[in-house]
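Number of protein chains: 2
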Amino acid sequence: MELKNNLQTKTGWEIIEKSFDPAQIVTTGSNFMIGNGYLGYRGTFENWGAEEFVACIVTDTWDQAEGSRWSELCNVPNGLFTELRLEGEPCSLFSGTLHEYHHSLNLRYGINTRKIRWESEGGKSAALESRKFASKDNPHLLVQEFRFRALQDGKYTLRTGLDGEVWSLNGEHFRSCIPAGHGADLLSLDLKTTELGTGIAVVSGCLFKGITPRSNVMVQEDRGLYRDFQFELRTGEEVVLEKVVSITHDNEVPNPLEIAKQEVANALRSGFEALLHAHQAHWDAFWELSDIQVGGNMEAQLLTRFNLYQAFIATPTHANLPVGARGLSCQVYQGAAFWDQETYNLPMFVFSHLEVARRLVAYRYDTLDGARRKANRLGYYGAFYAWTSGKTGDELFPDFFFTDVLSGRPIRNHFNCWQIHISPDVAYGIWLYYQATDDWDFMLEQGAEVLFEIAQFLVSRVHFKMDRQRYEIIRVLGPDEYHENVDNNAYTNYLSRFALQKACQVFDQMAGTHPDRLKALLSALGLNAASREAWEDIATRIYLPKPDPETKVIEQFDGYFGLEDIRPDQLRKRLIDPEEYWGWPNGIAVHTQVLKQADVIQLLAMLDIFPNEVLTANYEYYEPRTEHGSSLSPSVHALVASRAGHQEEAYRYFMESASIDLYNASKKVMSGGSFLGGIHTAAAGGVWLIIVKGFAGFVLTEKGVGFSPALPKAWKELRFKLRVKGCLLSILLDGGIRIESAQENPNRIFIELPGTSGWLEPGGSFQG
Amino acid sequence: MELKNNLQTKTGWEIIEKSFDPAQIVTTGSNFMIGNGYLGYRGTFENWGAEEFVACIVTDTWDQAEGSRWSELCNVPNGLFTELRLEGEPCSLFSGTLHEYHHSLNLRYGINTRKIRWESEGGKSAALESRKFASKDNPHLLVQEFRFRALQDGKYTLRTGLDGEVWSLNGEHFRSCIPAGHGADLLSLDLKTTELGTGIAVVSGCLFKGITPRSNVMVQEDRGLYRDFQFELRTGEEVVLEKVVSITHDNEVPNPLEIAKQEVANALRSGFEALLHAHQAHWDAFWELSDIQVGGNMEAQLLTRFNLYQAFIATPTHANLPVGARGLSCQVYQGAAFWDQETYNLPMFVFSHLEVARRLVAYRYDTLDGARRKANRLGYYGAFYAWTSGKTGDELFPDFFFTDVLSGRPIRNHFNCWQIHISPDVAYGIWLYYQATDDWDFMLEQGAEVLFEIAQFLVSRVHFKMDRQRYEIIRVLGPDEYHENVDNNAYTNYLSRFALQKACQVFDQMAGTHPDRLKALLSALGLNAASREAWEDIATRIYLPKPDPETKVIEQFDGYFGLEDIRPDQLRKRLIDPEEYWGWPNGIAVHTQVLKQADVIQLLAMLDIFPNEVLTANYEYYEPRTEHGSSLSPSVHALVASRAGHQEEAYRYFMESASIDLYNASKKVMSGGSFLGGIHTAAAGGVWLIIVKGFAGFVLTEKGVGFSPALPKAWKELRFKLRVKGCLLSILLDGGIRIESAQENPNRIFIELPGTSGWLEPGGSFQG
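For the protein sequence lines, the chains are S and L, in the order given. So the first sequence is residues 835 to 1602, counted in my numbering. So the second sequence is residues 835 to 1602, counted in my numbering.
Source of the hints: derived by calculation from the structure; they are not laboratory data. No false leads were slipped in.
Simulated crosslink set (DSS-like; lysine-lysine; CA at most 27 Å straight-line):
(1) L:K844 to L:K949
(2) L:K1299 to S:K1380
(3) S:K1547 to S:K838
(4) L:K1502 to L:K838
(5) S:K1559 to S:K1537
(6) S:K1555 to S:K1537
(7) S:K1299 to L:K1299
(8) L:K1380 to S:K1299
(9) L:K949 to L:K852
Counterexamples of contact, computed for chain S against chain L with all Cβ distances above 10 Å:
(10) I950
(11) E1006
(12) L1102
(13) A1373
(14) V1387
(15) C1561
(16) R1572
Just so it is clear, CB atoms sit at the ideal spot from N, CA and C, and this is done for glycine as well.
Given only the sequences and the hints, what does the whole structure look like? Please build it.
Next comes the structure, spelled out in structure tokens:
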């Protein structure tokens, strides 16, 4: 079917670019990317370079270029560079004549395919076809098949190799890039990063099937290392190149260059089809649990799968590493985790692929020391997680982020020191994982320490109002970043209480089951029983802005209702420059009720403690005041709108959130020559939240799980699976709701549906 | 002797303008002004108008013009307008030829005198002479004598009357201005203010002595109401006009127009000399107690008296009204009190003219309800005094004060809500008055209520850090306004503790002496014994940034030492526009240690609780980092430098502070056509502080009074008087120090000098 933005799909499992549009190079590069959680490779043409934003972003390669204040993941040399020349004229989308164009991404298996028929200005033609994937079986590997067929007799040159002329958002990351041996058809680059001297190896190897080249020449140009293969072909003859690239670095393996060479040699021996086969098995396993089937609406089906695909390839499954806010689609946001990781990306894995979820929560454990250092540096103790968190968990967010376009002065934003909800958010993620899995071992080994240290941070951060006998949290930013320096932000206070309660709960449970481990942990952290009393005292006496008795609206922070009440569209007219930042310190939204993004709505979407009338009242109050300056905002609006009984708006926000990247609906992807594009990973994870928590109304209850379905009108049925409390459940919404428990499930599970509830036995089904 | 800035003095009791300089009209108008605490009349020429910033600013006439956000005192019609015409040509400093020019201000009696000899373009000449004063005997009255002598035979016209064409900083203040009867040589204007409809009457009357006019004509022009008196004079003949103006308003008297008419009629009957005589008696009484005699340095003597003069005429002595930050010299700063009133202006009166000091502290009592309303509006209770305080004590300071010159956007400064030290400052003033006077009746009637309500405000404002078991004060501005939004500002925390301690002390003393009154007061305020416990608890456990054990430096606020350490001159180079505001939110000083004005130094100048080594260390640390963006800053620097052993710097800062107005050393008096001039009243009061607290080292001790003299090298001797604990003391510094107790003093007083101490009996003297 036809989609928007020059796209179509046939089965709901692929996106197809209908024609080549140079204006969409940035967007298409992101949407058609391949990846495996270890690396992301943008959906670019084989012979493109830095100007077309070719990129291969690799996890765990954080480095800071000289003179830059940004520590970001490296964009490594392009190992898949391949260019065909017809009688010396390079086959290019920007010259000659394009007679056929096909570009597609197979979401089922993460395969990017291109086919073109091209005629040179000299009148020579060829048909080209390439397929490539980033192996889920061995995540170091990029695998490519490149074919071309001569449409006239003539001389053809195929240049293939490593293009080291990469772009980088913030400066040069390689202090050296040494060609490192190229025997036996291998080309290698041995790189050292500028700041930390991290060794990175990029090794490519290739072989031809069928027709082999007459000769080949090694070429070293600028930062490129290539082989030029010469062919003399007759009309109809086809050349098939299989190419494998391995990218390794010494943060992960001891001897990256050696290992990459071995892997390339091995992979070449296996061949494209065998590599593909092994790769596909992993994707089968992913979709088996994670596919969401939307009946009766192909566009929604495709958008859903596209987002699940992007969420998955953005998520490291090979190591305990963060999910970047733009995944591995580019260097924007430094490949670092924000609060999105726990609130938008973790949930889908918690209820499907536990081993992936386990890595994400373990990442927060691994970065505890960074969080401790941050707390300490700012005069607190315990764990104050980084707003922008890379390898070590030290704060990567700079003091000066935005620039005041009216003055040219950098603005001191305080995301890195006042947006304290990041720590309770991490606690929320820890608890979500534990609650869904009952993984008490994790809690003992890692979770408890994280929860205790977050609780300690909160102890060091809260203030007690003696006269009101309540704790307050002063000078914060909530999720709504247009309002810095506010007090008693509803989201922050509720989540902080949640974090403290869970710390107490785990403390007590450990005291019961593992008193010695508790004692050891407390001793290691310098805590004692009085610490727990302090947590409970704060959890009990913290001020929580309650729903107004009449209106049911929760005030976002102290004094919010006293701000100017204006709507975003009206407010926008006050901009002097369209590029102005709306927030701190002097932006147009600061003294108004206009929000950047959901704040109270975010709270309502996360903590299932408010009755529906509160959801409805707050949705109706805050939605018109929200500018959605963040891509995180629409999905929780969809979720809460669905629960609040606003079905049409819920669906509109679903479509907005799900299509933000595919339909290029984001604010912008380029600004003044700077790349701002990339995949909005949180919005991708948000699609799962909308469907499962919103449309299906899934909640964890005290006894088991509950659903309150609200199937969008446009959909006939909805099917998905959940793994919860050790059980695999299949859910079908088709007006009614039906839940099946897999035969192999270890135990029964309690189901709560509107108007009915009961136990669901393994192999059985429950209907509502 | 010759002074700077085109000035000279003969006896140290007058300033003389050597020649007419049109570029100095704004400055001279302020420096040569006359006034009496009820009204201020600028030192302008008799026939000048709005363009030359003629002004008569009257206390207690606050009004807000339509469309303005500023409530300011009214500039009323100029009752002294007088213009001589020679054969129809007006005698003007801007045309014709000036043959002689004399302009002086007698500081002893507040008399402004001008003499000129002028020749018209038509060749006619006259000698003019005028004297005027603002009566201290009846403060409604302006009294003028205007003489001219014909230097040729000819026709002379003298126009005199009321010029209603006044300028106003922020819009039109008179909705009506009605000529109201002009029988019997009187001219009257009956005005109503725009916002509040306050009735103001300006009535003038005149009579000629000796030669009387041939005829006179009433003229009503625009907003002016005049009489033109015609003379046919022969060479050498002199005309003497005596003119009296009464300005009344119905915030003070029931029937302003009637009263003004009566007063003018009575005054005309008395005549100039009698009015002057009565007026001078009040000035004699002022100088009797307040003169400071500087031996051996005429310039310093003159500067000292000039500032004492300006401080006195700025201070309302007829009613409980505020001392404006620019006194009554113009409308800048709205004629409103700031914290300067207690910290810079009150002290000189507390130790001399108790009845004036009593009015100033009573003003804070009278405005308690405004302070309560402010506290309430901002979510507190008790008394949060206005940063800018007019009649009612409601906050006059607007939310948006400065404008960002780079963007043109108004800046939300927080002087009106975060600069909470204003309340402890008021408590400091109350206590200073009580401490110097032992006026327990005042404390019972007014002081206790103010102190208790300030303590209550602090209870509602402080936060307790449970983990550190200490109170903190979060999100304030200290005196240094470049750093908004800081925590635990040393000045604020120490002064808050001081205020709480004094509240407890008064509570306890009342419990002993007047338990019933205490009970009644507590009951009226809704307080009880637990309130006092709360005050004491905060006073005991509030966090006070202590002098560093090694460096002895007190950190100005949490994290101050971590800010960029740069000097003001270096920092200045970062300005994009010279008009940029340096402070909140994004000014060049915000993230540096550069201060606008003394902050810790201010604390050291006010609370005599730190040893001298702390004064020295802090002076040496902070002084190089201070930009002195406030006129308040140099005087406390002089004071502390003197005590810290930096004699030369102390004297340099004394001269800077004392000459800021007279030598036109202020930042600027006009900007883009806007008037920014006027007398820096706090700096005027600061001169007393420098000399008495700095050079003489005067302190109140537990047993009595102490002095630690540090006479400036340039001075031979210094004499002044102090009234303290009911005793009048005469102090002489001349290398040594000698204190005499007046014969009529009711009791002995304990004196502490360096190396000696003892009781000083009435009529005796004490030497050190």
